[in-house]
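Student: Following the hints, complete the assembly by docking chain B onto the known chain A.
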Amino acid sequence: MAKPKVGIFGLTSCAGDQLVVVNLEDELLDVVGAIDLRSFIMAASNPVEDEFDVALVEGSVVTAEDEERLREIRAKSKLLVAIGTCAVWGGIPGALNDLGRNTLYRIVYGTDEDLFKASVARPLKAVVPVDFALPGCPIEKHQFLEALASLLHGDLPIAHNTPVCLDCRFNENLCLLKAKGQLCLGPVTAGGCRARCPSHGLPCEGCHGPVEEANFASEVAILQEKGFSRERVARAIRNFAHQADLARTS
Amino acid sequence: MLMTIAPDNLKNLLDKLARDRLLVAPSMEDGVTRLKPVHSAAEIAFDYSNTATSIKDFLFPQSEDLLRFVTDGTLSIEEIKPERAQVAFGLRPCDLASVALMDKVLLGGEFSDAHYQTRRNNTLLIGLACENPADTCFCTTYGYNPGWAGAADVMLYKDGDKYLAEALTDKGRELVGGPGEGLFKPADEAAGEAVKKAYAEKDVPFGKEVDVQGIDKILDGFFYDQYWDDISKKCIGCGTCTYVCPTCHCFLLTDEARGGQGLRFRCWDSCMFANYTKMASGANPRPTKKERVRQRFMHKLNYYPNRYGGSYLCTGCGRCVAMCPVGLHIAGVIKDVKGVKAHA
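Chains A and B are the protein sequences, given in the same order.
The opening residue of the first sequence carries number 1 in my numbering; numbering runs sequentially from there.
The opening residue of the second sequence carries number 1 in my numbering; numbering runs sequentially from there.
Keep in mind that the hints are not guaranteed to be accurate.
[What the hints assert, rightly or not] In silico DSS-like cross-links for lysine-lysine, where the CA-CA straight-line distance does not exceed 27 Å:
| # | chain 1 | residue 1 | chain 2 | residue 2 |
| --- | --- | --- | --- | --- |
| 1 | A | 141 | A | 78 |
| 2 | B | 278 | A | 125 |
| 3 | B | 197 | A | 178 |
| 4 | A | 226 | A | 178 |
| 5 | B | 197 | B | 217 |
| 6 | B | 16 | B | 158 |
| 7 | A | 180 | B | 234 |
| 8 | B | 185 | B | 16 |
| 9 | B | 290 | B | 335 |
| 10 | B | 335 | B | 208 |
| 11 | B | 197 | B | 185 |
| 12 | B | 335 | A | 226 |
| 13 | B | 11 | A | 180 |
| 14 | B | 290 | B | 11 |
| 15 | B | 81 | B | 171 |
| 16 | B | 11 | B | 36 |
| 17 | B | 208 | A | 178 |
| 18 | B | 234 | B | 202 |
| 19 | A | 141 | B | 335 |
| 20 | A | 141 | A | 180 |
| 21 | A | 226 | B | 290 |
| 22 | B | 234 | A | 226 |
| 23 | B | 234 | A | 178 |
| 24 | B | 290 | A | 178 |
| 25 | A | 178 | B | 233 |
| 26 | B | 202 | B | 16 |
| 27 | B | 234 | B | 338 |
| 28 | A | 226 | B | 233 |
| 29 | B | 335 | A | 178 |
| 30 | A | 78 | B | 171 |
| 31 | B | 81 | B | 217 |
| 32 | B | 202 | B | 158 |
| 33 | A | 180 | B | 197 |
I should point out that these hints are in silico values taken from the structure, not numbers from a laboratory.
All of these numbers come straight from a predicted model, not from anything done at the bench.
Excised from the complex, chain A in its bound form:
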C-alpha cells in the first residue's frame, strides 16, 4: 500500500503546533518513514502540492490570504485535520475579536488602513469542513501521535472528550477551584495536557479550548459564588475560544 500523502500547513499562528511535530525526536523518523510527507515548509523545502490524503492545518483564518490558502488545501485533501487551538477555536488571534480589526490596526499599527485584509479570527470549521480537531496550545505530542496512528490505520482518531479535571485527578492535585477558590477553567477545558499548569499550582487558562459538552453555565455560576464577575469569566474563556457559546450563562 502506498504511503499516505500528508501535508502540514500553517495559517495565522505562532507555528508552535508545527514545532511540536518537528520536535518529536524519538518518534520523528518513524513518523516520516510511515508517511509520504509532501509539504511541510517548516522542515523541508520544495513542497509538492498536487493532492493529499491528510492535511494537518495549524492557525486561525484571519487574512484573505489565509482563507484562500485554506480553501485550496481543502480542495486538494481527502481529510483535513485542525491542529492546535487556533485552528480549532480561533485561539489567541480571536481573543480581541470584539474590538474589531480597525480598532486593533489603530492600537497596534497606528493606522486606519486595512493592511492585511484582515477579518475577525475564525477557526477552520467556520470556513471549510473539518474532519477531525486536535486542540492544544500547542498540541500535545502524545495526542498527535495517537491521532496520526489512527489515521495511518484508516480510522478517524478518537476524540478524548475529558476535561483538565481528569488530568488533575490522575495527578491527585489539590483542586484550585474548589479548595482555593481560583478562576480555574479546568472543568470546561479539553484535557490531555496532564494538568501541566494546575500541577504547578497555576489555574487552568483554557488553552485547549472548551471540552465537548462544557457546562459553562455551571462554571460561571460557581465562579460568581467565589466573587468573579460573569464578564471576567467570559473573558477568560474567550481568550482561547472566542467562539465558545456562553449564551446559556447568566
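Tutor: Structure of chain B alone, referenced to chain A:
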C-alpha cells in the same frame, strides 16, 4: 485477642516493614494528606481526618499494565503480575469497608479479577479508627462507624498514649507474631472492648443528617423522575466524584503497539464522561449528562444493593462531598430523594 502497641514500637514496625515491601501510608504535602508510598515512618502523618486519596489507588491502581504481546507472525503473550508485597497503614473505616464492597465485584461470583486478586493477596491492610470524623463524613448512615474494621488485617485504635491493636486475619496474626514479635503487649480485654465500643459509638454529625434507609426501594420507581434532569444541569462534568471514590471501579482496556510489540493496560474510567458508553458506530445510549448522573447514583444506591445483597456502593467517606466543585454529591442526593418522597 486484644493487644497494645506503643507509638515508638509502631513506628519501628512500620520501618521494618518498609524494608522489604512497599509501605503505603498517609503523608502530608502542601496541606493535603494523601495515601502514598513512603520510605519510613518519619514521613507518615498520624494526625488527619481522612486521606484525600483512598486505598483503591493501591489495590486497583489508576493505570495498571496487564500483559505484553509480540506479533511477529505468531502471537505470544506474557502476563504481567503485580507481585510486589505491600502494606497499607492508617486506613480509615470507610476505606476498610470499601475494600469489602470492591471484593464482591472483583472477586465474588463466577469470575475474579486476577490482578486485583494478586494485589489483595499481597497487601496487608492496617486500619486506624477515626478519632475526629470530618464534617463531610457520613459512614454511620450505612451502618459503619468510626471503629469499623471491615477488611482490615490488623485494626488499631488510638487509646491515650498507646494504640489498642487487634489482629483479625491470618495475615494480621502473622504480622503480630512475625515482624511485630516483641512489639505488642497483651491488653486488658475488658478495657480494650470498652475502647472499641467508644469508637463504634463516636458521634458522626453529618451521618445523622443523611438517612439512606430504604432508598434502594424508593429508587426502584425513580428512574424517570424529573429530579435527574434538574440536578444534572448543575453537574460540571469533571468526573472528580468517580476518581476520588473508593468504590467506583470502572476501567478502560487499551492496547498500544509499536513495531509488533505491544502492551495491554487498563486505566480508571468514569461513567460521567460521554465517551464511556459511546460505541464504535457513534451511537451513545447515555447521550446526555442526565443519563450519566442518574447512572452513577442509581448504581451506588439501587443496582449494586439489588445485585450484591443489600449493601450500598458507598461508604460515606465524604471525598465526593469535599471535592465536587459544584456541591453535587451522594449525601445530597440521598437527602433530596428522601425529601421528594416524603413530600410526594
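Student: Are the hints correct? Go through all of them and say.
Tutor: Hint by hint, here is what the structure shows:
Of the pairs offered as hints, the one joining residue 141(A) and residue 78(A) holds, with about 23 Å between alpha carbons and a cut-off of 27 Å not exceeded. Note on residue 278(B) and residue 125(A): the hinted pairing holds, with a Cα-Cα distance of about 24 Å set against a maximum of 27 Å. Distance hint between residue 197(B) and residue 178(A) is unfulfilled; the C-alpha atoms sit about 36 Å from each other, more than 27 Å. Restraint check: the Cα-Cα separation between residue 226(A) and residue 178(A) comes to about 9 Å, which is no more than 27 Å; the hinted pair holds.
Pair hint residue 197(B) plus residue 217(B) does not hold up; C-alpha atoms about 31 Å apart against a cutoff of 27 Å. For the proposed pair residue 16(B) and residue 158(B), the alpha carbon gap of about 21 Å is at most 27 Å, so the pair holds. Note on residue 180(A) and residue 234(B): the hinted pairing holds, with a Cα-Cα distance of about 20 Å set against a maximum of 27 Å. At roughly 18 Å between alpha-carbon atoms, residue 185(B) and residue 16(B) fall within 27 Å of each other, so this suggested pair holds.
A hinted pair counts as satisfied when its Cα atoms are at most 27 Å apart, and residue 290(B) with residue 335(B) qualifies at roughly 19 Å. A C-alpha spacing of about 11 Å is found between residue 335(B) and residue 208(B), which places the hinted pair at or below 27 Å, so the restraint holds. Our distance criterion of 27 Å between C-alpha atoms is met by residue 197(B) and residue 185(B), whose separation comes to about 20 Å. At roughly 25 Å between alpha-carbon atoms, residue 335(B) and residue 226(A) fall within 27 Å of each other, so this suggested pair holds.
Pair hint residue 11(B) plus residue 180(A) does not hold up; C-alpha atoms about 34 Å apart against a cutoff of 27 Å. Taking the CA atoms of residue 290(B) and residue 11(B), the gap is about 49 Å. The hint is violated against a cut of 27 Å. Between residue 81(B) and residue 171(B) the CA atoms are separated by roughly 21 Å; this keeps the pair inside 27 Å, and the hint holds. Under the criterion of a C-alpha separation no larger than 27 Å, the hint pairing residue 11(B) with residue 36(B) is consistent with the structure, at around 16 Å.
The straight-line distance between the Cα atoms of residue 208(B) and residue 178(A) is roughly 25 Å, inside the 27 Å bound, and the hint therefore holds. At most 27 Å may separate the alpha-carbon atoms for a hinted pair to count; residue 234(B) and residue 202(B) exceed this at roughly 34 Å. Note on residue 141(A) and residue 335(B): the hinted pairing is violated, with a Cα-Cα distance of about 45 Å set against a maximum of 27 Å. Distance restraint check for residue 141(A) and residue 180(A): the Cα-Cα separation of roughly 30 Å exceeds the 27 Å cut-off, and the hinted pair is therefore not satisfied.
A threshold of 27 Å between alpha carbons decides the hint, and for residue 226(A) with residue 290(B) the separation of about 26 Å falls inside it, so the pair holds. Taking the CA atoms of residue 234(B) and residue 226(A), the gap is about 16 Å. The hint holds against a cut of 27 Å. At roughly 15 Å between alpha-carbon atoms, residue 234(B) and residue 178(A) fall within 27 Å of each other, so this suggested pair holds. Taking the CA atoms of residue 290(B) and residue 178(A), the gap is near 23 Å; set against the 27 Å cutoff, the hint holds.
A C-alpha spacing of about 18 Å is found between residue 178(A) and residue 233(B), which places the hinted pair at or below 27 Å, so the restraint holds. A hinted pair counts as satisfied when its Cα atoms are at most 27 Å apart, and residue 202(B) with residue 16(B) does not qualify at roughly 32 Å. For the hint linking residue 234(B) to residue 338(B), the alpha-carbon distance of about 20 Å falls within 27 Å, and the restraint holds. For the proposed pair residue 226(A) and residue 233(B), the alpha carbon gap of about 19 Å is at most 27 Å, so the pair holds.
Between the alpha carbons of residue 335(B) and residue 178(A) the distance comes to roughly 22 Å, so the proposed pair stays at or under 27 Å and holds. Taking the CA atoms of residue 78(A) and residue 171(B), the gap is near 62 Å; set against the 27 Å cutoff, the hint is violated. As the CA atoms of residue 81(B) and residue 217(B) are separated by approximately 41 Å, the hinted pair breaks the 27 Å bound. Between residue 202(B) and residue 158(B), the direct Cα distance comes to roughly 13 Å. Compliance with the 27 Å bound is thereby established for this hinted pair.
Distance hint between residue 180(A) and residue 197(B) is unfulfilled; the C-alpha atoms sit about 38 Å from each other, more than 27 Å.
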